[in-house]
Each structure stands twice: as structure tokens, then as C-alpha cells.
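**Q** In case you want the letters, here they are:
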Amino acid sequence: MKVKTGYIREYSVISAALGLLILLNLILGSVIIPPRDIFASLAGLSDLSFVNEILWDFRIPKAITALLAGVALSVCGLQMQTLFKNPLADPFILGISSGAGLGVALFVMGFSAFGISLSGSFALNLGVAASAWVGAFGVTLLILLVSSRLRDNTSLLIFGIMLGSVASALITLLQYFSSSSSLKAFVVWTMGSFSGLTSAQIWIMSMLIVPGLILSVYNIKELNILLQGEAYAKSLGVNLEHTRRRILVATTLLAGSVTAFCGPIGFIGIAVPHIARMFFRNADHKVLIPATALLGAAIMVFTDTVAQLPGQSGVIPINTVSALIGVPIILIIILKSKFI
Amino acid sequence: MERVLETKNLCLGYNKVIYKEITTFADRGEIVAVVGPNGIGKSTLLKSISGIQSFRSGEILIDGKEISSYSHNRLAEKVSFVPSQSPRARNLSLFDMVSSGCYNRTNWLGQVGSNEMEFIYHTLERVGLTDFAGRDSSRLSDGEFQRATIARALVQESKIIFLDEPTAFLDIENKLTITRLLKEIAHEEARCVIFSTHDLQLAIKHCDRIWIMGRDSFSHGNPQDLIEKGAFDTMFKDSPLKFDRNLYTFV
Numbered sequence: 001m002k003v004k005t006g007y008i009r010e011y012s013v014i015s016a017a018l019g020l021l022i023l024l025n026l027i028l029g030s031v032i033i034p035p036r037d038i039f040a041s042l043a044g045l046s047d048l049s050f051v052n053e054i055l056w057d058f059r060i061p062k063a064i065t066a067l068l069a070g071v072a073l074s075v076c077g078l079q080m081q082t083l084f085k086n087p088l089a090d091p092f093i094l095g096i097s098s099g100a101g102l103g104v105a106l107f108v109m110g111f112s113a114f115g116i117s118l119s120g121s122f123a124l125n126l127g128v129a130a131s132a133w134v135g136a137f138g139v140t141l142l143i144l145l146v147s148s149r150l151r152d153n154t155s156l157l158i159f160g161i162m163l164g165s166v167a168s169a170l171i172t173l174l175q176y177f178s179s180s181s182s183l184k185a186f187v188v189w190t191m192g193s194f195s196g197l198t199s200a201q202i203w204i205m206s207m208l209i210v211p212g213l214i215l216s217v218y219n220i221k222e223l224n225i226l227l228q229g230e231a232y233a234k235s236l237g238v239n240l241e242h243t244r245r246r247i248l249v250a251t252t253l254l255a256g257s258v259t260a261f262c263g264p265i266g267f268i269g270i271a272v273p274h275i276a277r278m279f280f281r282n283a284d285h286k287v288l289i290p291a292t293a294l295l296g297a298a299i300m301v302f303t304d305t306v307a308q309l310p311g312q313s314g315v316i317p318i319n320t321v322s323a324l325i326g327v328p329i330i331l332i333i334i335l336k337s338k339f340i
Numbered sequence: 001m002e003r004v005l006e007t008k009n010l011c012l013g014y015n016k017v018i019y020k021e022i023t024t025f026a027d028r029g030e031i032v033a034v035v036g037p038n039g040i041g042k043s044t045l046l047k048s049i050s051g052i053q054s055f056r057s058g059e060i061l062i063d064g065k066e067i068s069s070y071s072h073n074r075l076a077e078k079v080s081f082v083p084s085q086s087p088r089a090r091n092l093s094l095f096d097m098v099s100s101g102c103y104n105r106t107n108w109l110g111q112v113g114s115n116e117m118e119f120i121y122h123t124l125e126r127v128g129l130t131d132f133a134g135r136d137s138s139r140l141s142d143g144e145f146q147r148a149t150i151a152r153a154l155v156q157e158s159k160i161i162f163l164d165e166p167t168a169f170l171d172i173e174n175k176l177t178i179t180r181l182l183k184e185i186a187h188e189e190a191r192c193v194i195f196s197t198h199d200l201q202l203a204i205k206h207c208d209r210i211w212i213m214g215r216d217s218f219s220h221g222n223p224q225d226l227i228e229k230g231a232f233d234t235m236f237k238d239s240p241l242k243f244d245r246n247l248y249t250f251v
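If you read the sequences in order, they're chains A and B. So for the first sequence, this note's numbering puts the first residue at 1; every next one is plus one. So for the second sequence, this note's numbering puts the first residue at 1; every next one is plus one.
In silico SDA-like pairs for lysine to any residue, Cα to Cα no more than 20 Å straight-line:
#  : chain 1 : residue 1 : chain 2 : residue 2
1  : B       : Lys78     : B       : Asp63
2  : A       : Lys286    : B       : Asn104
3  : A       : Lys336    : B       : Arg139
4  : A       : Lys336    : B       : Leu92
5  : A       : Lys85     : B       : Arg139
6  : A       : Lys286    : B       : Gly113
7  : B       : Lys8      : B       : Ser43
8  : B       : Lys159    : B       : Asn104
9  : B       : Lys65     : B       : Arg3
10 : B       : Lys78     : B       : Glu184
11 : A       : Lys286    : A       : Ser15
12 : B       : Lys78     : B       : Glu116
13 : A       : Lys85     : B       : Ser138
14 : A       : Lys336    : B       : Ser138
15 : A       : Lys286    : B       : Ser114
Worth flagging that the hints you see were computed from the coordinates, not collected in a lab.
Could you build the full structure based on these sequences and the hints that come with them?
**A** As C-alpha cells, this is what we get:
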């Protein structure tokens with residue numbers, strides 16, 4: 001029996017679907033822009049100034065953000081699932097989103113406690129992103145500090161979950177003592193959003209995500225060994241501590257950055273790696289990493305498109321849509337497979 | 001005979017002592033069985049001498065050098081380890097599973113060189129899994145999967161192979177197949193195979209040397225000498241079980 005190595009057909013099908021979904025994402029919204037006008041504007045031939053404005057100032061940045069977020073969260077979720085040999089692991093299992101949330105809560109509610117109002121939306125956005133990133137990175141740093149003292153990956157998982165619970169408890173405490181307006185700002189952040197990012201912010205986000213993705217590709221070799229158990233990995237000469245650290249840093253760069261700029265976006269990070277495994281029926285991360293990246297991008301852009309569907313009457317929060325799309329997928333996987 | 005493994009006053013355990021005073025050795029080209037009652041520390045012994053787990057005191061010499069003087073990669077060239085129950089990774093092809101043994105010789109993406117391919121297929125043939133290369137390794141039978149884990153260790157090309165209860169959970173036919181395979185590997189490829197087992201009859205019949213982890217003391221030697229010295233009786237001391245010298249088992 002021959003071993004299958006190439007998946008060019010599968011990758012091209014997903015890429016084509018991704019292209020169509022991006023086009024659909026650009027078409028739909030409060031105003032429907034016909035594909036003809038989109039192509040004209042993309043080619044720089046459109047003289048419809050409102051089309052150019054909507055497209056270049058709003059929809060294209062939003063589509064790029066969704067695409068980056070989808071890639072980052074899915075690739076990150078895949079690594080967490082392999083590291084912990086746990087099908088329910090997601091990018092935030094180690095408390096990264098709780099850490100980010102704590103950062104944002106301290107920023108949003110802390111300022112209001114000192115009587116400073118945050119009216120400038122740009123300063124608010126950047127401050128939220130920075131504090132979220134510091135929170136996420138703080139959690140990772142704490143885990144890295146103790147990781148060499150932890151016996152195995154299960155202890156690491158328990159430590160991360162506990163850390164997340166402490167952060168969540170602190171958030172609740174802050175919420176209890178904060179004003180209703182700052183509470184609302186925090187809750188809006190937790191709903192997740194891809195819109196309103198300036199091109200500078202998108203640049204910063206990609207500068208963090210791209211190194212995270214490069215590091216993830218560099219993790220492939222060890223991820224494949226980890227599939228076969230820690231004892232075996234150790235006997236092969238894999239340095240488990242280094243590997244753990246590299247995966248953690250990649251995770252923070254990917255999930256931490258997305259959370260900082262878009263809020264904690266759930267379900268995609270769990271669901272996409274499973275979809276990739278179902279599609280490709282191969283456990284090799286050389287196949288799965290590009291597969292989750294492409295599928296993650298496509299599903300996230302689709303999620304964002306669905307969120308825009310109410311058109312004139314507003315936007316559904318991303319987390320609502322991702323849960324509505326992600327949960328059935330997870331259920332199908334559980335029902336269809338005897339073991340994950 | 002090349003002495004590939006030696007322990008001196010080895011004391012197992014981390015915080016508390018599990019087993020003490022193990023002074024023994026194994027040579028190249030030998031198949032060695034480690035026997036003893038449940039919970040005595042057979043797994044701990046194998047994990048300690050293969051460098052997976054730390055030990056309390058004493059010396060472990062691999063190829064004449066202290067085990068702690070080896071780096072992760074260098075040790076993996078000398079020693080490979082087959083855990084008692086390896087997790088099965090779904091959708092991992094048998095070929096990918098076995099080729100992972102080349103870890104130290106692959107490129108940064110973990111791709112196997114074309115010169116290794118032939119060696120991997122040859123190893124699959126050796127353990128009788130030639131036709132299974134493209135199969136999902138998680139769907140192999142217990143006996144086939146155990147042979148796959150042995151192939152994985154062979155691909156690592158280490159002088160010493162440790163196996164933690166490789167024949168547990170297998171039927172009698174598979175037990176025999178695996179034990180014979182291990183013996184062939186030791187004798188024909190001049191490697192040293194050390195495995196733990198509860199199957200005394202097979203161990204006595206097929207192994208060159210047996211390490212007995214008795215309740216109070218450790219003894220080692222070739223099976224016939226051990227039988228004559230009555231060493232097997234130390235295994236279940238203070239119990240009504242007695243070793244039968246003709247049946248090679250406890251009655």
C-alpha cells in the first residue's frame with residue numbers, strides 16, 4: 001500500500017472556497033456591493049467614491065482581520081490539542097484569554113475608577129489591545145516560569161486552567177466594583193469583533209502572528225513525535241522542556257494577538273483542527289498545519305459574513321455566530337467518530 | 001562480548017527509595033528478561049536505565065560511560081525505549097509511526113531522507129508488517145501494534161532496546177511471535193534487548209540472562225544457573241507459591 005503524501009487537490013479546493021467566501025464577505029454588509037464594482041475597485045478602475053470608501057476603509061481591513069484571526073486561532077488550537085493529547089483543548093486552555101481579559105478589565109475599569117473617561121476611540125482601542133496582550137503574555141510568562149518544575153503536560157494543563165480561573169475570578173471582582181459604562185465597554189470586548197481596526201493595528205497584529213506561524217511550522221517535527229506519547233518522545237531524544245516552551249510562545253503570539261485586537265473568539269480554535277483531521281485523515285502536522293490554516297481562514301471569514309447578515313439593522317457579535325457554527329460541528333464530530 | 005550496560009549499587013526512586021542495590025550488567029547480542037512481582041519496580045528500573053526517569057543513587061554505565069554524561073540526542077543513539085502501552089494516534093499511518101524512530105536523522109521538518117526509506121521498509125518487513133505501511137496505525141490489532149512499536153525502536157538504530165512488558169495483553173501466539181522476534185533481533189543484529197515480563201516460561205526458554213527483582217534481593221544470571229540456585233523462589237517470598245523446576249512456573 002502506498003503512503004499518500006500530496007494533497008494538492010484538497011488544498012486547492014479549500015483555497016478556492018476561501019476565495020469565494022472572501023468575495024462574498026466583501027459583497028455583503030449594510031450595503032450590497034455587486035462583484036463587478038468590487039473587481040473594478042480592486043483594480044483601481046472604480047470611480048464610485050462610496051464603493052471605494054466602504055471597501056478600502058471598512059470591508060477589506062475587516063476581511064484581512066478575520067482571515068488572520070482564523071489562521072492564528074486554528075493553528076494554535078491544533079498545537080494545544082496535540083500537546084495535551086486532548087480533543088477539547090483550545091487556544092485559551094492555558095488561561096490566555098482570561099489573562100487578556102484581566103488586562104482589559106484592569107485597563108477599562110481601572111481608568112474609570114480614577115475618574116478618567118476614555119472617549120477617544122483610537123486611544124481606547126490601542127489601550128485595550130495593549131493591555132490584553134500584556135495580560136495574555138503575563139499568563140504565558142508565569143506558565144513558562146513554572147513549566148520546568150512541572151512533571152508532565154497534564155500538570156501543565158491543570159496549572160494553566162487554575163491560572164485562568166484565578167484571572168476570571170479577579171475579573172468578576174473588578175466587574176462588581178466598576179461603573180456600568182466601563183462594564184459595557186468590557187462586555188463589548190468579550191463579544192469579539194473584527195471591525196474598526198486601523199491599518200496600523202492590522203500591521204501590528206500581523207507582525208505578531210506571522211512569527212507565531214513561522215514558529216508553529218518549526219514545531220511540526222516535535223508535534224508529530226508528541227502524538228506518540230511523552231515517554232516515547234523522551235526516549236527519542238526530544239527535549240520536552242524546549243518543545244513545550246516553543247509551543248507556548250507560538251500560542252501566545254497567535255492567540256494572544258488575536259484576543260488583544262478582536263476579543264476572545266471561541267469555538268473556532270477547537271472545531272477547525274477536527275474538521276481538518278476529518279477532511280485529510282492524516283495525523284501528520286506537515287499536512288494538518290497548512291490545512292487548519294486554510295480551513296480556519298475560510299470558516300472565520302464565513303463567520304464574519306454571517307455576522308453581517310442583518311444588513312442595515314446591525315451586526316451580530318462574532319462569538320454568537322462562532323458558537324452557532326462551531327457547536328454543531330463539534331457535536332457532529334463527537335457523534336460520527338467512535339474516538340477522537 | 002561487549003558490555004553495553006552496567007549498573008552499580010543502583011537505587012531506584014525519586015523522593016522515596018523504591019528498590020535498592022541493583023548491581024548487574026548486560027552484553028551486546030543478549031536478550032535479557034526482567035522478572036518480579038507486580039509493583040516491585042520493573043518499569044521504574046527500565047525507565048531509569050533508559051534515561052527517561054531520574055534515579056536516587058548509584059551508577060548506570062551505558063557503553064562504559066555514565067548515563068548523565070550523554071546529551072538527549074547522544075543517549076537516543078545508544079538506547080531506545082518501548083513503553084508498555086503506547087498511545088495510539090488516530091490517522092497516523094504505520095509508515096509515519098515507524099519512521100519517527102529516525103527523529104535524530106531527519107531534517108528540520110522531520111522529513112525522512114530517501115536513503116532511510118529503504119531501511120524503514122526493510123524494518124517493516126523484518127517485523128512482518130510490509131503490507132501495512134499505508135494503514136492507520138491506530139487500527140492495527142494489539143499484536144500488530146506491538147510489532148510496530150518494536151519496528152519504531154529498531155529504526156532508531158540503538159545498541160540497547162528496552163521494552164516495558166511487550167507481551168502483556170497479547171494472546172499466547174502473539175506472545176511467542178514477539179519473544180522470538182526480540183531474540184532474533186538480539187542475536188542476529190547484535191543488539192542488547194532488555195524487557196520486563198510476567199511470563200517466566202517464555203523468559204527461561206528464550207532469554208540469555210534473567211534479572212530477578214525479588215522481594216528482598218536482586219539476582220541475575222543465566223536461566224539454568226538461577227534455577228539451580230533456587231533464585232526464583234525469592235520472587236514471591238513469604239507466600240505459599242513455590243517455583244517448579246520442571247514446569248518453569250510457580251505452583
